[in-house]
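Same order as they appear, the protein sequences are chains G and R. Numbering-wise (the working numbering), the first sequence opens with residue 542 and increments by one. Numbering-wise (the working numbering), the second sequence opens with residue 6 and increments by one.
Hints listed in this document are in silico derivations from the structure and should not be mistaken for laboratory results. C-beta atoms are modelled at their ideal positions from N, C-alpha and C, and glycine is treated no differently. Errors might be hidden in some of the hints.
[What the hints assert, rightly or not] Cβ-Cβ distance ranges computed for the label pairs, FRET-style:
| # | chain 1 | residue 1 | chain 2 | residue 2 | range |
| --- | --- | --- | --- | --- | --- |
| 1 | G | Tyr-611 | R | Pro-13 | 20 to 28 Å |
| 2 | R | Pro-13 | G | Ser-569 | 36 to 44 Å |
| 3 | R | Met-45 | G | Tyr-611 | 31 to 39 Å |
| 4 | R | Lys-83 | G | Lys-583 | 20 to 28 Å |
| 5 | R | Gln-85 | G | Lys-543 | 44 to 52 Å |
[What the hints assert, rightly or not] Not everything, but these chain R residues come out facing chain G in the computed CB check (under 10 Å):
| # | residue |
| --- | --- |
| 6 | Glu-49 |
| 7 | Ile-60 |
| 8 | Ala-72 |
| 9 | Asn-76 |
| 10 | Phe-79 |
| 11 | Arg-123 |
[Said to hold, decoys possible] Not everything, but these chain R residues come out facing chain G in the computed CB check (under 10 Å):
| # | residue |
| --- | --- |
| 12 | Ala-7 |
| 13 | Asn-55 |
| 14 | Asn-57 |
| 15 | Arg-102 |
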Amino acid sequence: RKEVEQDPGPFNVPEGATVAFNCTYSNSASQSFFWYRQDCRKEPKLLMSVYSSGNEDGRFTAQLNRASQYISLLIRDSKLSDSATYLCVVTPNFGNEKLTFGTGTRLTIIP
Amino acid sequence: DAGVIQSPRHEVTEMGQEVTLRCKPISGHDYLFWYRQTMMRGLELLIYFNNNVPIDDSGMPEDRFSAKMPNASFSTLKIQPSEPRDSAVYFCASSTRLARAPSSSPSQYTQYFGPGTRLTVL
């Protein structure tokens, strides 16, 4: 079983819609959680951290469910510029060493 | 400020040749990471350094791969001899770690990735 699993998609979503991705992780001791975004042929960039209480950044909301070992990302009012691959990332400790990446969920926003 | 710099951006070589990938981390960052990304396996950590010292190389696929960090501003990843299955995008990333306390924002020590080197081994 992979340490971090994501639905690869692709998700094709009309502009303005709401879309949600889930990610599951196998290591129950994982402490830090992130969503990274990767545009086509570009490097990954941090989108947002995921806190136990859930957190929101504009149109983006991240949730963590430790009991079920999954993380979610919700994008509201999706825009064409949201088209990218979204990578779920976990770490075994509070620091940032050894990020373990999921293989990503590909999102395409359709005009 | 300049971000993480990698060179070359593209490399095409023939099987059996030596390949050297280069990375300059962000100034002041004391962690450096090498990753490999393929369609099948996604992004995999190969090795990381702290203050120029290799901390964990368990992700290095085999002895054909080696990495060095002779100083705080330069690292290399070498593949010798290269094989077609080594074809991938290789990313270098750097970060600075401030604290381990759970109350600290983990975003403070996010990893910043370079643009990657796209390696093709024929």
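So, going through the hints one by one against the coordinates:
1. Tyr-611/G - Pro-13/R: 20 to 28 Å: 39 Å Cβ-Cβ, so the 20 to 28 Å window is violated.
2. Pro-13/R - Ser-569/G: 36 to 44 Å: Holds: the Cβ-Cβ distance is about 41 Å, inside 36 to 44 Å.
3. Met-45/R - Tyr-611/G: 31 to 39 Å: violated, 23 Å
4. Lys-83/R - Lys-583/G: 20 to 28 Å: holds, 25 Å
5. Gln-85/R - Lys-543/G: 44 to 52 Å: violated, 30 Å
6. Glu-49: holds, 8 Å
7. Ile-60: Holds - the Cβ of Ile-60/R comes within 10 Å of chain G, reaching about 7 Å at its closest.
8. Ala-72: violated, 15 Å
9. Asn-76: violated, 21 Å
10. Phe-79: For Phe-79/R, the interface hint is violated, since the closest Cβ of chain G sits about 19 Å away, which is over 10 Å.
11. Arg-123: With Cβ-Cβ at 8 Å, under 10 Å, it holds.
12. Ala-7: violated, 14 Å
13. Asn-55: Holds, because the Cβ-Cβ distance from Asn-55/R to chain G comes to roughly 8 Å (cut-off 10 Å).
14. Asn-57: Constraint on Asn-57/R not satisfied, violated at 15 Å.
15. Arg-102: Given a least distance of 5 Å, the restraint on Arg-102/R holds.
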